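Please take these sequences and the hints and turn them into a complete structure.
Number of protein chains: 2
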Amino acid sequence: MGTEFLKIMDCDEASEIIQDLFKQNLKPQSEEIKVSESYGRILFEDVYSRIDFPPFNKALKDGFAIVSSDSFTASEESPNTLEIIDFLEAGDVSDKIVEPGKCIEISTGAAMPQGADAVVMVEYAEKLDGKVNILTNVTPSQDVGLKGSDISQSNLILKKGEVLNPGKIGVLLSQGFETIEVFKKPTVGIFSSGNELIVQDEVLEYGKIYDVNGGMIKSAAVSCSCDAHFLGIMEDDYSIVKDKISSAVEDVDILICSGGTSAGLGDVLKHVLDELGDVYIHGISVQPGKPTIVGVIDNTIVVGLPGNPVSALMIFNAFVLENLSRLAGIDKDFSLDVVKGNITKRIHSQVGRMQYQLVKVDGKNIVPIFKDSGAIFSLSTADGFVKIPKLVELVDEGEEVEVYLFK
Amino acid sequence: MGTEFLKIMDCDEASEIIQDLFKQNLKPQSEEIKVSESYGRILFEDVYSRIDFPPFNKALKDGFAIVSSDSFTASEESPNTLEIIDFLEAGDVSDKIVEPGKCIEISTGAAMPQGADAVVMVEYAEKLDGKVNILTNVTPSQDVGLKGSDISQSNLILKKGEVLNPGKIGVLLSQGFETIEVFKKPTVGIFSSGNELIVQDEVLEYGKIYDVNGGMIKSAAVSCSCDAHFLGIMEDDYSIVKDKISSAVEDVDILICSGGTSAGLGDVLKHVLDELGDVYIHGISVQPGKPTIVGVIDNTIVVGLPGNPVSALMIFNAFVLENLSRLAGIDKDFSLDVVKGNITKRIHSQVGRMQYQLVKVDGKNIVPIFKDSGAIFSLSTADGFVKIPKLVELVDEGEEVEVYLFK
Numbered sequence: 204m205g206t207e208f209l210k211i212m213d214c215d216e217a218s219e220i221i222q223d224l225f226k227q228n229l230k231p232q233s234e235e236i237k238v239s240e241s242y243g244r245i246l247f248e249d250v251y252s253r254i255d256f257p258p259f260n261k262a263l264k265d266g267f268a269i270v271s272s273d274s275f276t277a278s279e280e281s282p283n284t285l286e287i288i289d290f291l292e293a294g295d296v297s298d299k300i301v302e303p304g305k306c307i308e309i310s311t312g313a314a315m316p317q318g319a320d321a322v323v324m325v326e327y328a329e330k331l332d333g334k335v336n337i338l339t340n341v342t343p344s345q346d347v348g349l350k351g352s353d354i355s356q357s358n359l360i361l362k363k364g365e366v367l368n369p370g371k372i373g374v375l376l377s378q379g380f381e382t383i384e385v386f387k388k389p390t391v392g393i394f395s396s397g398n399e400l401i402v403q404d405e406v407l408e409y410g411k412i413y414d415v416n417g418g419m420i421k422s423a424a425v426s427c428s429c430d431a432h433f434l435g436i437m438e439d440d441y442s443i444v445k446d447k448i449s450s451a452v453e454d455v456d457i458l459i460c461s462g463g464t465s466a467g468l469g470d471v472l473k474h475v476l477d478e479l480g481d482v483y484i485h486g487i488s489v490q491p492g493k494p495t496i497v498g499v500i501d502n503t504i505v506v507g508l509p510g511n512p513v514s515a516l517m518i519f520n521a522f523v524l525e526n527l528s529r530l531a532g533i534d535k536d537f538s539l540d541v542v543k544g545n546i547t548k549r550i551h552s553q554v555g556r557m558q559y560q561l562v563k564v565d566g567k568n569i570v571p572i573f574k575d576s577g578a579i580f581s582l583s584t585a586d587g588f589v590k591i592p593k594l595v596e597l598v599d600e601g602e603e604v605e606v607y608l609f610k
Numbered sequence: 204m205g206t207e208f209l210k211i212m213d214c215d216e217a218s219e220i221i222q223d224l225f226k227q228n229l230k231p232q233s234e235e236i237k238v239s240e241s242y243g244r245i246l247f248e249d250v251y252s253r254i255d256f257p258p259f260n261k262a263l264k265d266g267f268a269i270v271s272s273d274s275f276t277a278s279e280e281s282p283n284t285l286e287i288i289d290f291l292e293a294g295d296v297s298d299k300i301v302e303p304g305k306c307i308e309i310s311t312g313a314a315m316p317q318g319a320d321a322v323v324m325v326e327y328a329e330k331l332d333g334k335v336n337i338l339t340n341v342t343p344s345q346d347v348g349l350k351g352s353d354i355s356q357s358n359l360i361l362k363k364g365e366v367l368n369p370g371k372i373g374v375l376l377s378q379g380f381e382t383i384e385v386f387k388k389p390t391v392g393i394f395s396s397g398n399e400l401i402v403q404d405e406v407l408e409y410g411k412i413y414d415v416n417g418g419m420i421k422s423a424a425v426s427c428s429c430d431a432h433f434l435g436i437m438e439d440d441y442s443i444v445k446d447k448i449s450s451a452v453e454d455v456d457i458l459i460c461s462g463g464t465s466a467g468l469g470d471v472l473k474h475v476l477d478e479l480g481d482v483y484i485h486g487i488s489v490q491p492g493k494p495t496i497v498g499v500i501d502n503t504i505v506v507g508l509p510g511n512p513v514s515a516l517m518i519f520n521a522f523v524l525e526n527l528s529r530l531a532g533i534d535k536d537f538s539l540d541v542v543k544g545n546i547t548k549r550i551h552s553q554v555g556r557m558q559y560q561l562v563k564v565d566g567k568n569i570v571p572i573f574k575d576s577g578a579i580f581s582l583s584t585a586d587g588f589v590k591i592p593k594l595v596e597l598v599d600e601g602e603e604v605e606v607y608l609f610k
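Chains as they are written, first to last, in the working numbering: chain Y, 204 to 610; chain A, 204 to 610.
In short, the hints are calculated from the structure, not lab data. Do not take every clue at face value.
Unchecked claim - Here are the simulated DMTMM-like pairs of lysine to aspartate or glutamate, each with C-alpha atoms no more than 25 Å apart in a straight line:
| id | chain 1 | residue 1 | chain 2 | residue 2 |
| --- | --- | --- | --- | --- |
| 1 | A | 237 | Y | 586 |
| 2 | Y | 330 | Y | 302 |
| 3 | A | 493 | Y | 326 |
Unchecked claim - If you want the ones that stay clear, here's a sample from chain A, every Cβ over 10 Å from chain Y, calculated:
| id | residue |
| --- | --- |
| 4 | 232 |
| 5 | 288 |
| 6 | 477 |
| 7 | 554 |
Computed from a predicted model, the values in this text were never measured in an experiment. Where is the CB? At the ideal position from N, CA and C, for every residue including glycine.
Below, the structure is given as structure tokens:
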């Protein structure tokens with residue numbers, strides 16, 4: 204794309220382009236993991252039952268496995284006496300056959316012995332020496348879980364896209380699955396850039412500030428099921444940025460940089476992207492976050508967020524999170540939860556651009572947090588943001604708004 | 204407590220006893236972790252600001268740092284010309300002092316040089332050779348982020364119990380925190396017991412079934428922020444169970460066993476608990492899950508869940524999850540989300556015991572899943588459960604109910 208001039212882009216158009224770039228360059232991948240480690244992961248394939256469950260006719264109660272017709276005339280007043288020929292615990296198998304007049308003492312979960320078709324619960328039996336008095340009548344299959352009655356082999360049991368919770372994990376384990384194919388977590392690399400940035404274990408010299416975006420955007424990527432790595436702080440120098448980016452794009456699906464995107468001094472990311480790949484967006488008509496850049500290098504999406512942390516987090520939430528979530532297998536219209544409420548103070552917005560307003564949610568009251576976007580501390584109380592579309596100049600006190608909740 | 208006979212306990216009473224046992228035996232612990240790895244973790248302490256933020260008077264725009272009074276009469280028609288004595292990028296410090304008639308070119312984020320008290324944006328300045336025409340007037344502090352204006356030192360910025368999300372992580376990083384004290388994840392050990400159980404990589408012999416509870420209860424514990432480990436399948440043998448349990452309680456906060464709790468054959472857990480510690484609950488008046496056992500060995504809570512997976516998961520959700528969550532620092536009345544809706548089919552319940560009914564949530568329709576509790580497959584579709592209190596005999600079609608949603 205070279206030196207082509209890119210004009211500030213409309214918010215909806217930018218959103219569509221970013222979505223298309225993700226779809227064109229990145230396909231969801233799968234990985235095989237242990238079922239017992241799969242909590243919260245998302246199935247990559249439909250799963251079919253491998254075996255009948257229960258896998259055999261199973262005693263559902265502790266008692267006596269009998270031929271049911273032996274009990275038809277039995278009652279407390281007139282018990283039927285049967286000979287006990289064996290004793291079966293769960294997991295055991297008997298080679299004896301239950302014939303009329305005989306029975307096998309059985310535990311819950313044990314396989315029904317040959318010949319027997321019902322269980323008389325221990326509460327309705329009176330055990331004697333080698334014999335038992337049956338005190339009630341039972342019907343065929345009574346207290347027996349028939350083979351395949353819960354699920355028979357080759358049935359669809361879980362669908363691609365389902366999020367694995369303990370119950371679904373239990374279903375997979377009952378079918379003997381040791382491993383399962385789930386959506387692979389997209390890999391995200393994160394760079395911060397800016398000569399003013401230092402890491403948290405350094406002494407704060409005058410004029411420097413601690414890097415926020417590295418750890419913050421990493422955790423934001425983790426929040427949408429990504430495998431995210433902070434790759435360090437880059438000096439705002441063309442050849443350094445070029446080297447680091449060209450090496451990083453080989454290892455990750457998405458590379459997120461922040462800083463170095465302002466229209467003022469130190470605008471190197473745009474030029475590096477131009478040289479190594481293509482720039483599709485340079486500037487979005489939004490507040491905050493206007494200097495956002497999006498490009499592609501060898502099928503790796505490269506996003507340049509503003510250096511300001513509040514702006515960076517907002518742009519991540521508004522333009523990146525949804526696409527990362529979709530790549531991670533999360534199948535929702537929008538990945539942030541939305542709540543409704545009424546704004547407690549009038550918000551002014553500049554016509555012609557989309558505005559993201561940080562808010563605190565207090566029941567049905569939506570309280571706007573008015574601070575300049577350099578005010579990082581507002582993030583300690585903000586619950587989410589309200590979108591004010593480009594043609595809206597004013598959201599009046601009391602108006603109902605939708606809040607996109609931060610993860 | 205020895206051989207004391209424990210009678211089947213009322214659900215509410217059991218719930219209270221379990222809560223008390225957790226409180227008496229286990230105190231929440233903390234651990235220090237990296238802030239950049241703390242997504243979703245819970246703060247163990249109130250956090251106070253360490254530094255003023257911004258840590259210095261900071262330029263909020265690209266432009267020229269001036270003495271504001273130098274601009275008071277400036278306009279496009281009648282600009283004021285100032286000498287440029289230095290150039291400051293973010294992170295740089297100048298040893299020059301801005302006096303009237305002079306200025307320093309400055310980038311967003313750079314520390315304001317001595318003497319200057321305002322920034323004229325680059326859009327309102329006309330740069331000449333070594334000089335600049337100031338085309339507008341600015342007030343003192345205009346486009347300057349004053350030291351400490353966002354947050355000053357020693358203020359409460361985050362409270363104990365807050366869940367760390369990207370924004371809060373950003374706030375901590377901006378204050379230079381590299382590590383932070385969070386609630387330590389409670390350690391949970393899980394045993395399955397039953398001679399019928401085999402692990403997923405074994406061949407399914409007749410009479411055997413795959414162990415479900417090991418991996419399922421592990422993932423349920425992970426869902427409430429625990430560090431959970433499946434310790435294997437125990438043979439249903441007194442001395443084996445005793446050895447394994449007495450060794451495991453040394454390593455974990457909570458030990459969860461399943462199976463071996465039925466009133467029938469193979470009831471060894473109760474006797475082992477009696478010998479090694481104290482049994483507080485043996486049997487709860489609930490359906491399913493009646494044979495639940497709760498005891499304590501050397502301050503480790505030992506819970507014996509029913510072997511049946513549906514019953515085991517239900518009892519875990521109804522009696523254990525909430526206590527584990529509280530120990531993990533999750534400060535909510537109840538840890539499961541609740542939705543309301545109307546039941547689509549009449550549910551009968553036995554008076555005198557609490558019943559947990561598995562349901563599927565379909566918008567406002569709450570669909571009961573009627574299967575015997577051995578039917579593991581019901582867990583692939585169940586969204587949660589409805590509690591039917593002990594004195595309720597019938598929930599009629601269309602009645603409004605609360606559903607406790609599985610995690």
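Next on the checklist: Hint check: residue 493 of chain A vs residue 326 of chain Y, CA-CA at most 25 Å. Holds or violated?
Outcome noted: holds (16 Å)
Checklist entry - Regarding the assertion that residue 477 of chain A does not contact chain Y, is the least Cβ-Cβ distance greater than 10 Å? => result For residue 477 of chain A, whose nearest Cβ neighbour in chain Y is about 21 Å away, the distance exceeds 10 Å, so it holds.
Next on the checklist: Is the claim that residue 232 of chain A lies outside the interface with chain Y correct, judged by CB distances over 10 Å?
Outcome noted: holds (22 Å)
Checklist entry - Holds or violated: is the Cβ of residue 554 of chain A farther than 10 Å from all Cβ atoms of chain Y? => result The claim holds: residue 554 of chain A sits with its nearest Cβ about 19 Å from chain Y, beyond 10 Å.
Next on the checklist: residue 237 of chain A and residue 586 of chain Y were given as a pair; does the straight-line alpha-carbon distance stay at or below 25 Å?
Outcome noted: Within the cut-off at roughly 23 Å; holds.
Item to check | Restraint check for residue 330 of chain Y with residue 302 of chain Y, where alpha carbons must lie at most 25 Å apart | outcome: holds (18 Å)
Item to check | Status of the stated non-contact between residue 288 of chain A and chain Y (beta carbon gap over 10 Å) | outcome: holds (17 Å)
Taken one by one, the earlier hints all hold for this structure without exception.
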